[in-house]
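2 protein chains.
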Amino acid sequence: MVIVKPRTLSGFMELLPAGQVAFEKMIEVLKNTYALYGFTPLDTTILEAAEVLLAKGGGETEKQIYRFLKGDTDLAMRFDLTVPLAKYVAMNQNELAFPFRRYQIGKVYRGERAQRGRFREFYQADIDIIGDGALDISNEAEIPSIIYRAFTALGLKKFQIRVNNRKVLGGLFELLGLKEQAGDVMRTVDKLEKIGRDKVLAILCEDFGVDASAAKTLIDTLESTDPVATLQSFSGKNELLDVGISELSIVAGYMSAFGVPAENFKIDLTIARGLDYYTGTVYETIMTEHPEIGSICSGGRYDNLAEYYTEKKLPGVGISIGLTRLFYVLEEQKYINSALPTAPADVLILPMTDDITYAVTLATGLRSAGIRAQIHAEKKKLKAKFSYADKLKIPFAAVLGEDEITAGTVTVKDLQSGEQNALDFGAAIQNIAEKLAGKADITVISEPV
Amino acid sequence: MVIVKPRTLSGFMELLPAGQVAFEKMIEVLKNTYALYGFTPLDTTILEAAEVLLAKGGGETEKQIYRFLKGDTDLAMRFDLTVPLAKYVAMNQNELAFPFRRYQIGKVYRGERAQRGRFREFYQADIDIIGDGALDISNEAEIPSIIYRAFTALGLKKFQIRVNNRKVLGGLFELLGLKEQAGDVMRTVDKLEKIGRDKVLAILCEDFGVDASAAKTLIDTLESTDPVATLQSFSGKNELLDVGISELSIVAGYMSAFGVPAENFKIDLTIARGLDYYTGTVYETIMTEHPEIGSICSGGRYDNLAEYYTEKKLPGVGISIGLTRLFYVLEEQKYINSALPTAPADVLILPMTDDITYAVTLATGLRSAGIRAQIHAEKKKLKAKFSYADKLKIPFAAVLGEDEITAGTVTVKDLQSGEQNALDFGAAIQNIAEKLAGKADITVISEPV
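Sequence lines, in order, name chains A and B.
With the numbering used here applied, the first sequence closes on residue 449, and no number is skipped along the way.
With the numbering used here applied, the second sequence closes on residue 449, and no number is skipped along the way.
These aren't lab readings, by the way, just hints derived from the structure by calculation.
Hints may be right or wrong, so weigh each one.
[As the list claims (entries may be wrong)] Only some residues are given here: those of chain B computed to face chain A with a beta carbon under 10 Å:
#1 Thr-8
#2 Met-91
#3 Thr-357
#4 Val-360
#5 Glu-378
[As the list claims (entries may be wrong)] In silico lysine to any residue, SDA-like type, Cα no more than 20 Å apart, as pairs:
#6 A:Lys-380 - B:Thr-61
#7 B:Lys-56 - A:Leu-9
#8 A:Lys-380 - B:Asn-94
#9 A:Lys-334 - A:Leu-9
#10 A:Lys-70 - B:Asn-94
[Claimed, not checked] Chain B regions said to be covered by chain A (calculated; three or more residues, Cβ under 8 Å):
#11 12 to 20
#12 48 to 54
#13 61 to 74
#14 107 to 116
#15 133 to 139
#16 149 to 155
#17 384 to 392
Please read these numbers as outputs of a predicted model, since none were measured by experiment.
Note that the Cβ used here is the ideal one computed from N, Cα and C, for glycine as well.
Just chain A, with the same shape it has in the complex (with noise of 0.2 Å):
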């Protein structure tokens, strides 16, 4: 037998089990906070056809795709979830019912280059909403209820949710002159939090020409420390700049019945998120004691998601968390909270007998009351059975030899203690299920102090 060295390419993450529970968990949470939403799950094909998935073209991303052709058929592994999802409401618009409120928590596939904390192979948990025409600005004004409840119950409170919104911007380069330049102007404002106030003034001057004086106003509104005032100066001076303000109010007027908590929230004029698909409010989420990872669940508004498949107009606001980065960041910051069960049993069985029969009865009683149980009936020494079990973490073990057989009893034995007792299996079943009630509510993140 040649044997072939066993290898995971670089750029793909490939857990170990406990660290996998934990990542599982995490996709959990999520699920059971978008659902709360009255999001619908979504799964998209991984494999598309190119010229579908590739309809938009162009850009970084085309180099990066995943392509090849199998016999004839030239086919395209997915990059992102939207272009998916666009393909999908297009596809089945008359089967939808709109708004059209989906989650999808998949794989796209990137081929970057490889370096730490990059993925070629990565999770993303999208949600988005998508009107039928329109879509009206509450459903702008709940997207950061969503960012709060689904990080709180990751267990994460040190993170700021960062709104602006496009027509803020637009209304202020129009004003002060910069509708020629918009993308750039967009482009480089959106540095300002990495490369700082200096540099992005002596791009906007030197690289696209634009006037100091207005360069000047313009990063002065954006880093102005009370926004909302700030912008009301300029009300009545510029169309597009009053929509921008007055949905900004909106949005931000929300947040307390949505249960945001102030300290959460923050409207930032400097985030402009680098799309040009964004048409509305945006959105970043910055972990306060991190902000050098940058955000961790970013999205906004368009105004069309679908253009590339259909005539129909199809407004939406979404969301997007990497998943797979987020784990990475989290892991390395000691951030995955250490007392998250990650057994893959709450009882290891322990028969002593040739005949395992009266386990075999104990395990079914067990999971019949929904606790997890392993038989381990392997001809290994009791030791290494308590081995087993401290190293997977197991929280009791059930030990069954000829004495308990006789007795009709079981001896269940609190690996974490050393407490042991004989109980009968109802009263076995009964405390277990009682002292791992109380770990229920365990968080995936615990933050550092």
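Using the hints, position chain B against chain A.
Frame of chain A; chain B shown alone:
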């Protein structure tokens, strides 16, 4: 704008929202069931180095595989979950605790000829138990219990788990002087149910030169109505056969303690499973009203999971469900429960005022109580909003007009019964929660009577 016709590739399944909810419910039930038996979740990469994935090489699989170059890298998409498991266990053998029990539910890819009910991208749901060097027979006995609990939890009642042991077949072949043709005989015998006794006898004698009387004895034994008694008559004549009979008896003997009813379990000596791979107990699962569908859950015991990747001997036992095909079959046979709640929300909140603060506050309260709520604030007629609820089968509407705001109430309408009541927020939340609790146990599958 050039419009590209949106489409999904042939042989790829994409479900509408209601179907997707049922599909995800199926996955959730399987995950919960596997967890009860101490299996840990695993997620391996979909893309692998071709050299690694095809270490075993050859066969039908290699022709069907999606394989391509990205730069200089020879890549392939996984075609099952067993090879990735072998790779994973070989790679991480020092990190894992044995026996290693894992489940994996994920997409696999096979470029088969497209035909009705055959998929090129499809979900498999696999469990395997891997031992280091040895694995106790009790693990083989536990598998039917997992299959039983899984399908029962899904709502299926009319199914039968059929079990055989490859050592029984191997022993019989030795005893009847068919050892040399064992592989061919095994694969022919596997077709007994499909092509019938006469054709199998003809193939054995004519194609593989089996002696007519040996062939008849073999088929008579395999088709015996009392297989255990028939096998006992061969006792002591062949060592392998004796081991097989003993293992089969042990497996069958534990069924009652595992809670598997007699009508859902059968020793069937005609079950061979095509793969050379299996060495002990083998499993198939038949929908008793639809045997023509074939096995919906199959697997068996094998001696060496990862011989292409490591010198370490890793015996195991596992089963697999082809979930996408199963779902397709269930839909086609009208087995998907029409009573399964598929609505994306429990309550549709209908604000009748421009300021929706009051609606947002109700939504926040409902969500905090775990009730899925959607605010429908689009500028549409009330009638259209009720149609929306109807189309999505949302069970409750909460109407909030000026009257309700003044009175501090909400009008809760049960959209199934038409009943409606004005309640204060707390009472409304409690009322809806109670009515929803009654629907929690509805299974995915409901068999037509």
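Here is what the structure says about each hint:
For Thr-8 (chain B), the shortest C-beta to C-beta distance to chain A is roughly 6 Å, which falls under 10 Å, so the interface hint holds. Look at Met-91 (chain B): its Cβ gets to within about 4 Å of chain A, closer than 10 Å, so that hint holds up. Satisfaction of the interface hint for Thr-357 (chain B) is found here, the shortest Cβ-Cβ separation to chain A being roughly 5 Å, below the 10 Å cut-off. Contact between Val-360 (chain B) and chain A, as hinted, is supported at the beta carbon level, the nearest pair being about 4 Å apart and thus within 10 Å.
Checking Glu-378 (chain B) against chain A: minimum C-beta separation of about 5 Å stays under 10 Å; hint holds. As the CA atoms of Lys-380 (chain A) and Thr-61 (chain B) are separated by approximately 38 Å, the hinted pair breaks the 20 Å bound. Simply put, Lys-56 (chain B) and Leu-9 (chain A) have alpha-carbon atoms about 18 Å apart, close enough for the 20 Å limit, and the pair holds. Note on Lys-380 (chain A) and Asn-94 (chain B): the hinted pairing holds, with a Cα-Cα distance of about 18 Å set against a maximum of 20 Å.
Only pairs whose Cα atoms come within 20 Å are accepted, and Lys-334 (chain A) paired with Leu-9 (chain A) is rejected, the gap being roughly 25 Å. With a C-alpha separation of about 38 Å, the suggested pairing of Lys-70 (chain A) with Asn-94 (chain B) is violated against the 20 Å cut-off. Taking a C-beta to C-beta cut-off of 8 Å, the region 12 to 20 of chain B contributes 7 residues in contact with chain A, enough for the three needed, and the coverage statement holds. Proximity of the region 48 to 54 of chain B to chain A, defined as three or more residues with a beta carbon under 8 Å from a beta carbon of that chain, is established by the 4 residues found.
Counting residues of the region 61 to 74 of chain B whose C-beta sits closer than 8 Å to any C-beta of chain A gives 6, which meets the bar of three, so the coverage hint holds. Check result for the region 107 to 116 of chain B against chain A: holds, 3 residues qualifying (beta carbon to beta carbon below 8 Å, three or more required). Remark: the region 133 to 139 of chain B is confirmed as covered by chain A, as 5 of its residues place a Cβ nearer than 8 Å to a Cβ of that chain, reaching the required three. Here's how the region 149 to 155 of chain B fares: 1 of its residues keep a CB closer than 8 Å to some CB of chain A, so the rule of at least three is not met and the hint is violated.
Coverage of the region 384 to 392 of chain B by chain A holds. Counting CB-CB distances below 8 Å, 3 residues qualify, and the rule asks for three or more.
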